[in-house]
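Given the structure of chain A, go ahead and fit chain B onto it with the hints provided.
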Amino acid sequence: DSGVTQTPKHLITATGQRVTLRCSPRSGDLSVYWYQQSLDQGLQFLIQYYNGEERAKGNILERFSAQQFPDLHSELNLSSLELGDSALYFCASTQGGGGYTFGSGTRLTVV
Amino acid sequence: DAKTTQPPSMDCAEGRAANLPCNHSTISGNEYVYWYRQIHSQGPQYIIHGLKNNETNEMASLIITEDRKSSTLILPHATLRDTAVYYCIVRIQGGSEKLVFGKGTKLTVNP
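Quick mapping for you: the protein sequence lines, in order, are chains A and B. The numbering used here runs 235 ahead of the 1-based position in the first sequence. The numbering used here runs 108 ahead of the 1-based position in the second sequence.
If we strip away everything but chain B, and leave its shape as in the complex, we get:
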């Protein structure tokens, strides 16, 4: 079973920031938080991951609370092409542990 809890759906206006929350209250000290997204029927796409510090890349920012029990994925300027299902996953980095997907959050970006 997935170790994370996400809202089933969210809406965001085009050009505004999209903030997607994720709860992972049982996360272990050596588990990272990963975010993937799946645009309709395409293969999931890696977005970002982090352990305890905030992370930023060209796609998004990841904010992890100090107690690491929750995190927020931020898409700074959402576009229509960001409409997708976003998955928050916790796993140990390294090794070859499988990804366990939950139901994710369906983000709809509206014009």
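Next comes chain A alone, as it looks inside the complex:
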């Protein structure tokens, strides 16, 4: 257990639907990062939050949004889902010092 909790582990949904992925960072970590990894692709940075505020944006589609709540957990919302959105979605957290801690990911399958 890395200390970063992601739920659900697996999600199967239909095209056009909306889903919410949840991430609880490691205790004490203020920064949360979301990454997308499509089949046989690298890890693509989506978005970062720090203590409730958006800090940086990467290649995140307009159909996707995220937020970080006062208790520091974060949610990634994916809407109008397409087949190409099928991927592993990882959350990571850090206190800002050394290494980042990743969760075990959510595998999203859009059918």
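So the derived label-pair ranges between C-beta atoms look like this:
#	chain 1	residue 1	chain 2	residue 2	range
1	A	289	B	159	26 to 32 Å
2	B	167	A	342	25 to 31 Å
3	A	293	B	134	19 to 25 Å
4	B	167	A	287	29 to 35 Å
5	A	251	B	136	42 to 48 Å
To be clear, the hints were calculated from the coordinates, so they are not data collected in a lab. Idealized CB from N, CA, C, for every residue including glycine.
Frame of chain A; chain B shown alone:
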């Protein structure tokens, strides 16, 4: 874009040392070299990081050349469980800068 260059794949015999190279010729003076690995479909795992001195921990050793333009991650006694994609990343320590992943090196440890 990633600031590092790694071979796409390497093989290693079980029990032997695995030496994974990384080129980072444009590294800045305040950037550290980080290594992560991703075992199939799991979240990336932090291995080690360093600035200019060689570093060792329970997982691996990191050798950084004197000019800091390249480094080598050494797994002293590779096991089958070390089969993974290894990522070399350069970033400033501290703060909350996102990790930028390249394609990494797929290390296969053979029995």
